[in-house]
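Trainee: So you can see what is in the structure, the chains are spelled out below.
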Amino acid sequence: GEDVEQSLFLSVREGDSSVINCTYTDSSSTYLYWYKQEPGAGLQLLTYIFSNMDMKQDQRLTVLLNKKDKHLSLRIADTQTGDSAIYFCAESRNSGYALNFGKGTSLLVTP
Amino acid sequence: NAGVMQNPRHLVRRRGQEARLRCSPMKGHSHVYWYRQLPEEGLKFMVYLQKENIIDESGMPKERFSAEFPKEGPSILRIQQVVRGDSAAYFCASSPQSSGGSNEQFFGPGTRLTVL
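As given, the protein sequences belong to chains A and B, one line each in that order. With our numbering as the guide, the letters of the first sequence map in order to residues 3 to 113. With our numbering as the guide, the letters of the second sequence map in order to residues 947 to 1062.
By construction, these hints were calculated from the structure, which means they are not laboratory data. Just so we're clear, the structure is a prediction, and the values are computed from it rather than from any experiment. Among the clues, some could well be false.
Derived lysine-lysine pairs resembling DSS-like cross-links, with alpha carbons at most 27 Å apart [stated by the list, open to error]:
#1 A:Lys-72 <-> B:Lys-990
#2 B:Lys-1008 <-> A:Lys-38
#3 A:Lys-105 <-> B:Lys-1008
#4 B:Lys-990 <-> A:Lys-70
#5 A:Lys-69 <-> B:Lys-990
#6 A:Lys-38 <-> B:Lys-990
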């Protein structure tokens, strides 16, 4: 299948901004998602962006999409220790299709 | 409105036994997806079902694995004659019949299968 790539680790100090990056290869990707997974838990949908958008903001979260470069980023403003988790980037072609996930970025927020 | 429910949360099986994993989608959702997460890996799609129909099973291993979503009751992922390599977290997700094209999938807490 098509690839979704993410860096594996990110460490930031509490109060700083975090930026998690993702690249994908499928040019037919229609929706791109960010999920959060806390230890031992399932995945929580944080936000998603449609491929004809280049930015979406939702409170502390900002998603940027560069469709030409197939690059997606998630910025978390004022990062808190409770934001420590694994963040997964995922893409799908359309409704009713499976999600294709990256391996996840482990975010560690230090006091 | 209860979320996606999966049981059991943890399942231990010996090699050669059968594993049955259950998933109850969110109320009003008619689409179910199963994913597998190996240690330190992302989730990999296995199968997509609607009531009484398998829509896409392109991610299912060809042998020993099967899935169903009957008219009544939960979706079942069945693994026969388990091997150590089947040890993983198995996640179920559901989505409504029409989610406006966003394919927003809601995930359950997962079943962690350990094969001894």
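Trainee: All hints, please: hold or fail.
Mentor: Do the hints match the structure? See the list:
no., hint, verdict
1, A:Lys-72 <-> B:Lys-990, "holds (21 Å)"
2, B:Lys-1008 <-> A:Lys-38, "violated (30 Å)"
3, A:Lys-105 <-> B:Lys-1008, "holds (24 Å)"
4, B:Lys-990 <-> A:Lys-70, "holds (26 Å)"
5, A:Lys-69 <-> B:Lys-990, "holds (24 Å)"
6, A:Lys-38 <-> B:Lys-990, "holds (16 Å)"
Checked against the numbered hints listed earlier, the structure breaks hint 2 alone; every other hint is satisfied.
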